[in-house]
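Protein chains in written order, with our numbering: chain A, 1 to 198; chain B, 1001 to 1370.
It is worth saying that the hints were derived from the structure and are not from the lab. Check before you lean on any hint, since a few could be wrong.
[What the hints assert, rightly or not] So the derived list for chain B, only partly shown, Cβ under 8 Å to chain A, looks like this:
#: 1; residue: Val1021
#: 2; residue: Met1037
#: 3; residue: Ala1044
#: 4; residue: Val1045
#: 5; residue: Asp1047
#: 6; residue: Leu1049
#: 7; residue: Trp1328
#: 8; residue: Thr1329
#: 9; residue: Phe1333
[Unchecked claim] Chain A regions said to be covered by chain B (calculated; three or more residues, Cβ under 8 Å):
#: 10; segment: 33-39
#: 11; segment: 151-160
[What the hints assert, rightly or not] To list a few chain A residues with every Cβ distance to chain B over 12 Å, as calculated:
#: 12; residue: Leu26
#: 13; residue: Arg44
#: 14; residue: Asn45
#: 15; residue: Arg50
#: 16; residue: Asp51
#: 17; residue: Ser65
#: 18; residue: Ile146
Since the structure is predicted, the reported quantities are computational estimates derived from the model, not experimental observations. By construction, the Cβ of each residue, glycine as well, lies at the ideal position given by its N, Cα and C atoms.
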Amino acid sequence: MDIGGALKAELKVKVVDRTRGFTEALYLPAILAGLRITVRHFIRNMFGKRDVVTISYPEEQRRISPRYRGRHRLTVREDGFIKCVACYMCEEICPANCIHIESGEMEDKSVEKYPVVFDIDELRCVFCGLCVEACPKDAIRMDTGIIAMAYTDRDRFDFTRDLLRDPYHENEKTKFRSVPSPATEAEALPHSEGKLAE
Amino acid sequence: MDAILEILVNPAVQAILKIAVIVMGFVMLTGTVLTLMERKWMSAVQDRLGPNRANVGRFTGHGILHIAADGLKSIFKEDTIPEGADRVIFTIAPFFALFASIVIWAIIPFAAPIGGFTFQITDVDIGILLVLAVTSMGVYGAVLAGWCSNNKFAMLGATRATAQMLSYEIFLGLSLVGVFMVNGSVTVSTLVENQNTYWFDGLIPKWGVFTQPLAFVLFFTAMLAEMKRLPFDAPEGESEIIAGYFLEYSGMRWSTFMLAEYLAIVGTAGLTVTLFFGGYHIPWLFADGFHLFGWILELPVWLVALLQIGAFITKTIFFCWLVIILRWTIPRFRFDQIMELGWKKMLPLALANVMVTALVLLAIDHWQAG
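Bound-form chain A, shown alone:
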């Protein structure tokens, strides 16, 4: 029994004829056929309508998927206060140990516990997304679309709570703070000052 043949039939092997004919041995027809392809591409890209795949990076940027894991952001509640309840789940699960949280209490009953310090060292972060998975409050997300953080100073990669909170404001995002310090209550709660005063 022709086992090889049976196997071939089963696997639907496409047998390619590799016998070298006279034209193949001449090389020249094959070279000319190749030249036709390269010259066609050459003429199209030099003189005709350019069809290049290059993305001129800083000027043009690739559209990234909504699921792309970029820089983190801390989401906010409707009244503007951060959703984070300082439960330390993300800090625990982080395989790179790049999250540092210090919790604090607040008189405001709608808040109670909140992060006084929430730092992410983006240089240590491996962008695995486990913090997002672990968060019970949907307080941390990685959907900012910021894929290339390039700074000339290491300190700028230490993103503090307030830098992470509102990444959609250009100035807030890139503002440089060398010493991450706990924000004052007024800074942390720009929209709920009235409630705090009560």
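We have chain A already, so just place chain B on it with the hints.
Here is chain B on its own, set in the frame of chain A:
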């Protein structure tokens, strides 16, 4: 004024001026620009943009400044000589490569002579034989560089270069024998002038590619192998022996090797045009103007000379382009395939070409005499 004229008619002064204009003004310039053009044309073939970032302020000129950027970079790079290398040979090896690429231009004419003035550095009697002698010198650059670098990969590259260039040298010479037989001369000016004669009442020019088509294919292939261009770049096959014979070179010395390679492309293109594509001739253009079917368009001498120079440069640049596009079309031959192609296919073909040419020439002679 008379004193200046007297100096200018001195053949030695003329030769020096021609060397300056041809080598510096055309060969070096084209070779340097080709280093960028190769990258730009390659990117066009591969649907990319190619280098376009070097800039002065906001001016980038589609990447033209990369030439200057590359030059500056290699000048300021550290020029290392490896431990155990032969310092003297290591230093002079790049110039052997450069020398061979440039000397070809000594005999290549740019336009038909006007009066006693030739547009050619020198029209030596041995003509093309000089080219054969000089291109075999080119192998010394590769061999010395590989031998003295004290590096096994460089040594392997040099060995491959030697084997390849020696094998292809043989049918390079043999392929030209057919051309010599057809023209009955090895002098370049005769070879080029004969290509302005015509078949069928001045209809088809007797360009070398029409009189000796097989010789053209053989010659072009051999020259590709001689200058170690793809598909014959086994001496510097990156995936096998890193960079081959000039592996240990850096900085400006490395640039000299690269420049020599591009000058060799220009040289090959110039030779191919001179021998097989009518040299500076435009079909049906004679010293006094165009002649076609008894119809004559008279042109002044200076315009004819300018047209011829333009034609020669255009043809040369076309062949530079072809050599570069070929690189992005054909994959590299394996080393044993190179040897097999050279010895088992090209050499017999070259011999057959000589035999057939001789028979045809004899038959024509017999027919004309009888």
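For each hint, the structure was consulted:
1. Contact between Val1021 of chain B and chain A, as hinted, is not supported at the beta carbon level, the nearest pair being about 30 Å apart and thus beyond 8 Å.
2. Checking Met1037 of chain B against chain A by beta carbon gives a least distance of about 11 Å; that is not within 8 Å, so the hint is violated.
3. The beta carbon of Ala1044 of chain B comes within 4 Å of a beta carbon in chain A, closer than 8 Å, and the hint placing it at the interface holds.
4. At its closest, the beta carbon of Val1045 of chain B sits 5 Å from a beta carbon of chain A; the interface hint therefore holds under the 8 Å criterion.
5. A hinted interface residue such as Asp1047 of chain B counts as satisfied when its beta carbon comes closer than 8 Å to some beta carbon of chain A; here the least separation is about 5 Å, so the hint holds.
6. At about 4 Å, the closest approach between the beta carbon of Leu1049 of chain B and any beta carbon in chain A falls short of 8 Å, and the interface hint on this residue holds.
7. At its closest, the beta carbon of Trp1328 of chain B sits 6 Å from a beta carbon of chain A; the interface hint therefore holds under the 8 Å criterion.
8. With 8 Å as the threshold, the beta carbon of Thr1329 of chain B comes within range of chain A, its nearest partner Cβ sitting at about 4 Å, so the hint holds.
9. Taken as an interface hint, Phe1333 of chain B does not check out: its beta carbon lies about 10 Å from the nearest beta carbon of chain A, beyond 8 Å.
10. Residues of the segment 33-39 of chain A lying with their CB closer than 8 Å to a CB of chain B number 5, which satisfies the three-residue condition for coverage.
11. Coverage of the segment 151-160 of chain A by chain B is violated. Counting CB-CB distances below 8 Å, 0 residues qualify, and the rule asks for three or more.
12. For Leu26 of chain A, the non-interface assignment is contradicted: its Cβ lies about 10 Å from the closest Cβ of chain B, within the 12 Å cut-off.
13. In this structure Arg44 of chain A is not separated from chain B by more than 12 Å, as the shortest Cβ-Cβ distance comes to only about 8 Å.
14. Non-interface status of Asn45 of chain A relative to chain B is broken: a Cβ of that chain comes within 12 Å, the nearest being about 4 Å off.
15. A Cβ of chain B approaches the Cβ of Arg50 of chain A within 12 Å, the least distance being about 9 Å, so the stated non-interface status is violated.
16. With 12 Å as the threshold on Cβ separation, the claim that Asp51 of chain A sits away from chain B is violated: the shortest Cβ distance comes to roughly 6 Å.
17. With a closest Cβ-Cβ approach of about 24 Å to chain B, Ser65 of chain A is found to remain outside the 12 Å limit, as its non-interface label requires.
18. The claim that Ile146 of chain A is not at the interface with chain B holds, since no C-beta of that chain comes within 12 Å of its own (minimum 23 Å).
Hint compliance for this structure: hints 1, 2, 9, 11, 12, 13, 14, 15, 16 are not met, and every other hint is.
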